[in-house]
Amino acid sequence: MKIGYMLRDAFWSLFKKPATVQYLTKHGEGVPVTERYRGKMVYDRDACIGCLLCIRTCPSGAITVTDERKVMFRVDRCIFCGQCMETCPKDAIGFTSDFEIVALGREELVVR
Amino acid sequence: MAGETKEVEYGYSRLIIPIGPVHPALKEPVHFRVSVRREEIIDVDLRLSHAHRAIEALAETRNLVQNMYLMERICGICSHSHTTCFTQAVEGIGGIQPSERALHIRTLIFELERIHSHLLWLGVMAYEIGFDTLFMYTWHVRERILDLFEETTGGRVHHSMNTIGGVRSDLTADMVEKIAASMERIEKDTRYILNVFQDKTVEKRLSGVGLLDSRTAKELCTVGPTARASGLNMDIRKDDPFAAYESLKDSFSVVTRTGADSYARTEVRIYEVFEAINIIRTIADKLPSGDISPEESILRLINKIPEGEMISRVEAPRGELLYYIKTDGEGGIKRLKIRTPTLANVLALRHMLVGGEIADIPVVVASIDPCLSCTNR
Amino acid sequence: MFILMVLSAMCPVVFIISLLFEGIDRKLHARMQKRIGPPIIQPFYDFVKLFGKESLIPVTAASGINIASPILAAASSIIAAGIPLASFATTAGAIGDLILILFLLAASSIMIMVGGSSSGNPFAAIGFARKMTMMVSYEVPLFISVVSLAIKSGFSLAYNDIIQFQIQLGSCFAFAFPSAAIAMITFLTCIPAAAGVVPFDIPEAKTEVAHGLLIEYGGPYLALLKLAKSATNFALTFLAFTLFFYLPAIFKGNSSLGYWAILALCVAGALVIMFLTITVPRTIFARLKIGQAFKFNLVLLPLSILSLVLSIVGM
Chain A
817 MKIGYMLRDA
827 FWSLFKKPAT
837 VQYLTKHGEG
847 VPVTERYRGK
857 MVYDRDACIG
867 CLLCIRTCPS
877 GAITVTDERK
887 VMFRVDRCIF
897 CGQCMETCPK
907 DAIGFTSDFE
917 IVALGREELV
927 VR
Chain B
11 MAGETKEVEY
21 GYSRLIIPIG
31 PVHPALKEPV
41 HFRVSVRREE
51 IIDVDLRLSH
61 AHRAIEALAE
71 TRNLVQNMYL
81 MERICGICSH
91 SHTTCFTQAV
101 EGIGGIQPSE
111 RALHIRTLIF
121 ELERIHSHLL
131 WLGVMAYEIG
141 FDTLFMYTWH
151 VRERILDLFE
161 ETTGGRVHHS
171 MNTIGGVRSD
181 LTADMVEKIA
191 ASMERIEKDT
201 RYILNVFQDK
211 TVEKRLSGVG
221 LLDSRTAKEL
231 CTVGPTARAS
241 GLNMDIRKDD
251 PFAAYESLKD
261 SFSVVTRTGA
271 DSYARTEVRI
281 YEVFEAINII
291 RTIADKLPSG
301 DISPEESILR
311 LINKIPEGEM
321 ISRVEAPRGE
331 LLYYIKTDGE
341 GGIKRLKIRT
351 PTLANVLALR
361 HMLVGGEIAD
371 IPVVVASIDP
381 CLSCTNR
Chain C
51 MFILMVLSAM
61 CPVVFIISLL
71 FEGIDRKLHA
81 RMQKRIGPPI
91 IQPFYDFVKL
101 FGKESLIPVT
111 AASGINIASP
121 ILAAASSIIA
131 AGIPLASFAT
141 TAGAIGDLIL
151 ILFLLAASSI
161 MIMVGGSSSG
171 NPFAAIGFAR
181 KMTMMVSYEV
191 PLFISVVSLA
201 IKSGFSLAYN
211 DIIQFQIQLG
221 SCFAFAFPSA
231 AIAMITFLTC
241 IPAAAGVVPF
251 DIPEAKTEVA
261 HGLLIEYGGP
271 YLALLKLAKS
281 ATNFALTFLA
291 FTLFFYLPAI
301 FKGNSSLGYW
311 AILALCVAGA
321 LVIMFLTITV
331 PRTIFARLKI
341 GQAFKFNLVL
351 LPLSILSLVL
361 SIVGM
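Residue numbers (the working numbering), protein chains in the order written: chain A, 817 to 928; chain B, 11 to 387; chain C, 51 to 365.
So here's chain A without its partners, still in its complex pose:
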């Protein structure tokens, strides 16, 4: 008959390192992200040829065309799916590992 099966495990966990980190309460604590992680996007203006294919495949309408036939990304509408990166024939779009995207106004959340 098993009762209190977790007792030994729970007791030894008192002395081991915990599985959580003090992310925002201590400065510099965090867990690193991997290289395929899709964070905030980065856009190479010079490589872009203005084909506007990314606008047709963006699910949330986060990409809009500007006057010089280049594009503008709205980070607050982006869902970080990565389809624009796949569709672009010139590899002008990439994703960084920045996930702490905070701003005090919507104008700062635009990548040109």
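Please note: incorrect hints may appear among the correct ones.
Listed next, the in silico SDA-like pairs over lysine to any residue satisfying Cα-Cα at most 25 Å (straight line) [what the hints assert, rightly or not]: (1) K77/C / E153/B; (2) K256/C / S217/B; (3) K832/A / L204/B.
Facing chain A, from chain B, some residues (calculated, C-beta under 8 Å) [as the list claims (entries may be wrong)]: (4) E70; (5) T71; (6) H150; (7) R152; (8) E160; (9) T163; (10) G164; (11) V206; (12) T211; (13) E306; (14) L309; (15) Y334.
In short, the hints are calculated from the structure, not lab data.
Because the structure is a prediction, the values reported are computed rather than measured.
Here a beta-carbon is modelled for each residue, glycine too, at the ideal position from N, C-alpha and C.
Following the hints, put chains B and C in place on chain A, whose structure we already have.
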């Protein structure tokens, strides 16, 4: 529920308790009006669609590429199942056959998602019976799988791995090795969790609770582990194989139990994790080589897909997921209909709850693994 | 007069120590679950924060009882925890005997019950029925196990007399007599039920009845109720340590050690007992159903009667 005469004995001690839409026992909003006399449940009334987002209507305004990402966001736990079902249907209409490597990678992520969903459910079940420590422990095991997801696909919850005609990102050789190596660790931890679920205090809460005999399960059309725990042997992976399951037929078996109570459902899910580990090990051993997605750009592909309709089904972690798609020939969708597994299982709750105690409500509701954001899309 | 002064001086001490106990309990519970956990002074932050919140009284509530019962519950719990602490200060006379302490602890539970159910919520009504069942099943073994101690120490229920008896005996009750050992087992097994922790926290189950009796309380009343529960836990563990395991008696009387040293030793001992009977069961067990908990506590009743009979016989 409405329109049938209910014979309820009216006594002075009859209470009506609202469980939900906001309740600590539920993870997602659903409303049960439970009539109770002291501690015994007399009647249950159900109301859905608190999380309705009109996804089927939204799908008619987007083209096929954009719809793939919309389908993924119906549910966070079974997101890959939704995209797999959708792309299978579209590939069926367009006559596109993905390569063998793409199908095997799809299946690998599919089974990893099954493990992660069942581990999440085990933690939730432990929380419902008051066992916080097991909840934290199970989710700590699940973190390893989420880390694997992040390394291979780039996202912990929404993988965005599927594309029409194949998969998006390839698995390098050491990623495959890493997956196979972490399966050892996960198997050991799952065996530990299996032992804890046989603890006396846990077994007292789960056994004999929420009985659903196999005849009623068949009449009410339950699917998934809920049906398999009542003795019905139904699994789409064996009955109607999709993706790479045709060639993996011998690496796994369907887990059924005859207990038909919550304990049987728990056992079915834990043993399904072991079967999924077997499948993943088989795939990691013999992953065929090749390229993973068609050469054409995706926008040209979807413009070539003709008008037509298709039904496709997959075995999501909660049961059979069914999609009906009608395309309009110009890369858009005319009609989309989704039948999620929880929609089929939630009708069985009334039969399970009547005659039980109040203390059984969270256990029974959690034991059908309700994913209500799938249900009220 | 002197009694009143001593008791009111003990109230801040009880307040601080019982909230510290709760903080240490939460930190140890988190570490056992491989988490970091809140800081130890978190209950103080919670107390201050809750006093800053608005309190809403529902329309269907009997507002007089609803408001008065948290205050009464907190007051009786704090006094019940203060009496053993104050008894160390005065060697002359008794501030209160065991009957008073146990009555105040039960009264605080009854006040919580009455106040909770007066709010008119169906969940609170279910919590009320469950709490009544639980109280019936654990109060009786608790009382009887204490009575058998009193019989040993010269038929007196005064708290001081029991401690003096242990000092004269030179060893603790639990090590000296078999009847006291059985009484100790019964008392320690009743502590999780009296403190309201898993596996016996059925009246206030979070997932079943959405916190049962506490569901309509918010703001300052919730702070007072949580304080009442912490003070009850502290009183129970302190009583368990000093009644059964009074270790300073082994060190031959309290003339060599100062009063504060003995107090610190007793508080540390209460901390150890809290770890064993409140934190560890909270971590490794699941919650029972009300029928199962009732049957479990009925098993304790023959044990406590056995200890009573043995102490009368003279063992």
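Checklist line | Violated hints - listed by number, lowest first | finding: Numbers 4, 5, 7, 13 and 15, in rising order.
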